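Protein sequence lines correspond, in order, to chains X and R.
Per this note's numbering, the very first residue in the first sequence carries number 146; after that it's consecutive.
Per this note's numbering, the very first residue in the second sequence carries number -2; after that it's consecutive.
The hints are simulated quantities; they were obtained by calculation from the structure and are not laboratory data.
For clarity, every value in this text was computed on a predicted model and none was experimentally measured.
Among the hints, erroneous ones may be present.
Using 16 Å as the maximum straight-line C-alpha spacing, the simulated EDC-like pairs for lysine to aspartate or glutamate come out as follows [claimed, not checked]:
no.: 1; chain 1: R; residue 1: K226; chain 2: R; residue 2: D237
no.: 2; chain 1: X; residue 1: K200; chain 2: R; residue 2: E322
no.: 3; chain 1: X; residue 1: K375; chain 2: R; residue 2: D74
no.: 4; chain 1: R; residue 1: K287; chain 2: R; residue 2: E528
no.: 5; chain 1: X; residue 1: K200; chain 2: R; residue 2: D310
no.: 6; chain 1: X; residue 1: K375; chain 2: R; residue 2: E76
no.: 7; chain 1: X; residue 1: K200; chain 2: R; residue 2: E339
no.: 8; chain 1: R; residue 1: K501; chain 2: R; residue 2: D142
no.: 9; chain 1: R; residue 1: K137; chain 2: R; residue 2: D506
no.: 10; chain 1: R; residue 1: K376; chain 2: R; residue 2: E528
no.: 11; chain 1: X; residue 1: K375; chain 2: R; residue 2: D149
no.: 12; chain 1: R; residue 1: K501; chain 2: R; residue 2: D412
no.: 13; chain 1: R; residue 1: K511; chain 2: R; residue 2: E448
Counterexamples of contact, computed for chain R against chain X with all Cβ distances above 12 Å [to be verified]:
no.: 14; residue: W83
no.: 15; residue: T100
no.: 16; residue: E164
no.: 17; residue: F174
no.: 18; residue: R219
no.: 19; residue: H294
no.: 20; residue: L348
no.: 21; residue: D510
no.: 22; residue: D540
no.: 23; residue: M549
The C-beta atom is built at its ideal place from N, Cα and C for all residues, glycine as well.
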Amino acid sequence: MNNIAKNRISTSRDDLVYYIISGFIMSVLLVMALYPMVFVLSASFSSGDAVSSGKVILWPVELNLEGYKTVFRNNDILRAYWNTLLYTAVGTLINVSMALITAYPLSRRDLRGRGFLMLIFTFTMFFSGGMIPSYINISNLHLMNTFWVMVLPGALSVYNMIVTRTFIQTSIPYEMLEAASIDGCNDTKYFFSFVLPLSKAIIAVNTLFSAVNHWNAYFNAMIYLNDRDKLPLQNIMRELLVLNEMNLSDLVDPEQALLMLNSVAVLKYALIVVATVPILCAYPFAQKYFVKGVMIGSVKG
Amino acid sequence: MKRRIMRTGKKWLVCMLSTILACGAMGCGSTKEAADQSPAASAQADSSATSSSNEDNGAGETRTLSIAIPQNANVEDYETNYLTKWLEEEMNVDLEFVLLPATSEDANTKVSLWVSSNAELPDVLCMSLSDTVAQDYASKGIFVDLTDYYADPEIAVNINSSRFDEERDTIMNSIRFADGKYYSLFTYNPFPWNEASYRAWVNQEWLDSLGMEAPKTTDEFREMLEAFKNNDPNGNGKSDEIPMMSAKSGYGIDPTTFLMNAFIQTTPGADYMVVENGKLSPAFTTDQWKAGLTYIHDLVQDGLLSPLSFTQDSTQLKTQLTAAEAVVGVTCAGSTSMFGSEPEVVGRMALLEPLTGPEGVCGVSYRPSTAGCIWYITKDCEDPELAFRVGDWFFGEEQSWTARYGQKDVHWTDDPEITKDYLPMFEQYSPAKYVGTIYGSTDIWGQPQNEHWQGSHPYSTPLSEALYQSFAYKEDPDLDSKTNYNTTHLDIYYNKIPDEYVTKFLHTDEELDKLTDYSDMIEYVTSSMAEFITGNRSLDEWDSYLQTLDEMGLNEYVALRQSGFDRANAE
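The whole structure should be built from the sequences, with the hints applied where relevant.
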């Protein structure tokens, strides 16, 4: 008994050293990544004065909910929240559909000119028209200041499409198509009945990628939208956050500008929390698809 | 198994079909909105409906003006704003707002996109632009020349009223472009408190407990700091006092400016230029400057001025200043907001008078209020005269007051019955002849509100009118209380402003171009200053410092600034 225990310790010494060192490094990394989030959370529950005078270090100081009350009272924020949800939902649906309907044909070996098509798609990943031509394009398409300008530009993400294509190519055997064709299945039916159900994992990944992108997008809204009631949450948030970063030497009346700052201090942290929580919640659910293989058993049946 | 696949397949079929349908619907949707080609067009398309309904009222034709204005988190809705409604009613216009992003950087990106993509611009660009950008757009013909409108008292009604008689020259001087023309309306709100903003504050309780008088000279100042360090003024038995502490940046915060002004005129905002008989010379190459550096260096050396003052930011300083038990004796800060909102904490700090140096120099850093350009009328405006008139409307007395304080008789009043209690305390500081009183002890400025545009548009309260208004609260029971620093500031700072000073530098495009070659000059001066003071660099190296400046082209730089200075002061 004693001997065995001794043996086990002596054999795993290298492991032990490894575990201690890697455990230590990982803990340091974890603290570094976690601290800002804990700080934001604590600050959002603290009083404005405590935040702006730097009293919040780890735990909330002068606990209160003023920030959250302001967030949920503010019509702009609620409307922007709704807009973001809408843009994310519709935008993601378009992104995922586009990626799939492009990726599937390109994954088929019997598609003629496949290499050339891929080249064209890939080309757009490295070269874009630039900001001004894009602006003129959007303007001539009459998309300016509409709902669609938030979901249509970049409808197809070439990167996601390539990932999807590779997935379909490698995980769905070509023989399945042959078998299905012999049974009288046409291409459309094959796509909906075989490819889609077998691509759940990649659909989940795609959905997560695009949803996060849409959730965080602010640049298009900034450039193309002119009405306040169309703006997504990120733009309203940015508006509040930049109040804190004014360059005082540029202002005509700095004393007046300083007065604006305090009221914003708490609100901004509450807003960050409110804006981040939905995406944080979505991660664990999508994550299982990253790990779990879907192909187990599918060919056998 | 197979059935299950079929079922999910159907679900997806529905999904895909609806997507395709949605795409189709989008196609139709966008053709309907064909008018949305450009920011201006969208605003005008919306408004055509409103204007026709207004005509029925017999109020004459309501014209539309589209205004590009940066979003402001504290303005709830420009469309339904009190000021907007009032303006629309009085001027019989319909304002359409095209919102720009809140940061000036993003807003500039958006505007430059409009300009470079040749989109139709909104009628008015209501934002501040940097001198360089504004000159560039003006020279491209993006902005309408307003010189003739300004000259016509029929059009520029309020600007030509007696309200601006005393300050019109100052204003017009500061908004003139390098080509001698005017392209913009302005915002001008002079305020002595902002003009001499590098203030020092002393802990009055500490002074009282040590039985000391506030210092008048640099030597007395040093003695006071030593007493703060050694005699435990906060009486807790520990030597935890920091005699003097400040921060490296922030509004009026830099610790050196206050002290250096006891040796030589020191004005960071004017590139530390000293003006004598209309000639500029740099302060930072003089022996007085060196003497000042030596004095401050000794303070740091002896533990009287915390070296953190040259590295920490204003938030870190605020943490120290707002501590319940006072630890800081003297600090430099432009705003009382650095002391937080606890009355006891704010109340214990008192303004410190500018110090007199060994050579009898006693000055303050002074930057006069200038008017800023903010209302540019663009080439695509069909009726620039109307756009000008609308901008001019804001310069009426009540309009300008509303722009700053909110509704008359709701948020402020000029009712003599009420103001008579407040006027006397400001009388000695002529030219104040009028004080408005704010109802309640809270000011809607800086709060989310729907009364005004938070000041981001042309308006003006000239010096002659409403000098000290923001500090006279109706419900403040004790107007002479310590927190009313404004009059003290006038007594001890504002009376020491130099006779000659830099108002602004007005450079041509060519000069602005050349100036970029010297962009790190002032940076070098300020960083060297910190190095000399903290002892990272010995003052024995003073000559090599002068030599480096020379090699960087100091003489050419001063010559460029001189021509900008001369142009700004030319009649």
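Status of each hint after checking the structure:
Distance restraint check for R:K226 and R:D237: the Cα-Cα separation of roughly 8 Å lies within the 16 Å cut-off, and the hinted pair is therefore satisfied. A threshold of 16 Å between alpha carbons decides the hint, and for X:K200 with R:E322 the separation of about 14 Å falls inside it, so the pair holds. Distance check on the hinted pair: X:K375 and R:D74 sit about 13 Å apart at the alpha-carbon level, within 16 Å; holds. Straight-line distance between C-alpha atoms of R:K287 and R:E528 comes to about 13 Å, which keeps the hinted pair within the 16 Å bound.
Of the supplied pair hints, the one linking X:K200 and R:D310 holds, its CA atoms being roughly 15 Å apart against a limit of 16 Å. Distance hint between X:K375 and R:E76 is fulfilled; the C-alpha atoms sit about 15 Å from each other, no more than 16 Å. Taking the CA atoms of X:K200 and R:E339, the gap is about 14 Å. The hint holds against a cut of 16 Å. Distance restraint check for R:K501 and R:D142: the Cα-Cα separation of roughly 22 Å exceeds the 16 Å cut-off, and the hinted pair is therefore not satisfied.
For the proposed pair R:K137 and R:D506, the alpha carbon gap of about 13 Å is at most 16 Å, so the pair holds. At most 16 Å may separate the alpha-carbon atoms for a hinted pair to count; R:K376 and R:E528 exceed this at roughly 51 Å. About 41 Å separates the Cα atoms of X:K375 and R:D149, which puts this hinted pair outside 16 Å; it is violated. For the hint pairing R:K501 with R:D412, the CA-to-CA distance comes to about 38 Å; that exceeds 16 Å, so the pair is violated.
A hinted pair counts as satisfied when its Cα atoms are at most 16 Å apart, and R:K511 with R:E448 does not qualify at roughly 45 Å. The claim that R:W83 is not at the interface with chain X holds, since no C-beta of that chain comes within 12 Å of its own (minimum 20 Å). A Cβ of chain X approaches the Cβ of R:T100 within 12 Å, the least distance being about 5 Å, so the stated non-interface status is violated. No Cβ of chain X comes within 12 Å of the Cβ of R:E164; the nearest lies about 14 Å off, and the non-interface call holds.
Its beta-carbon lying about 18 Å from the closest one in chain X, R:F174 satisfies the requirement of being farther than 12 Å from that chain. Every CB of chain X is more than 12 Å from the CB of R:R219 (nearest about 29 Å), matching its label as outside the interface. The claim that R:H294 lies off the interface holds: its Cβ sits roughly 26 Å from the closest Cβ of chain X, which is beyond the 12 Å cut-off. Every CB of chain X is more than 12 Å from the CB of R:L348 (nearest about 14 Å), matching its label as outside the interface.
For R:D510, the condition that its CB be more than 12 Å from all CB atoms of chain X holds, with the nearest at approximately 21 Å. Even its closest Cβ contact with chain X, about 31 Å, leaves R:D540 beyond 12 Å, as expected for a residue assigned away from the interface. The beta carbon of R:M549 sits about 22 Å from the closest Cβ of chain X, which is more than 12 Å, so the claim that it is off the interface holds.
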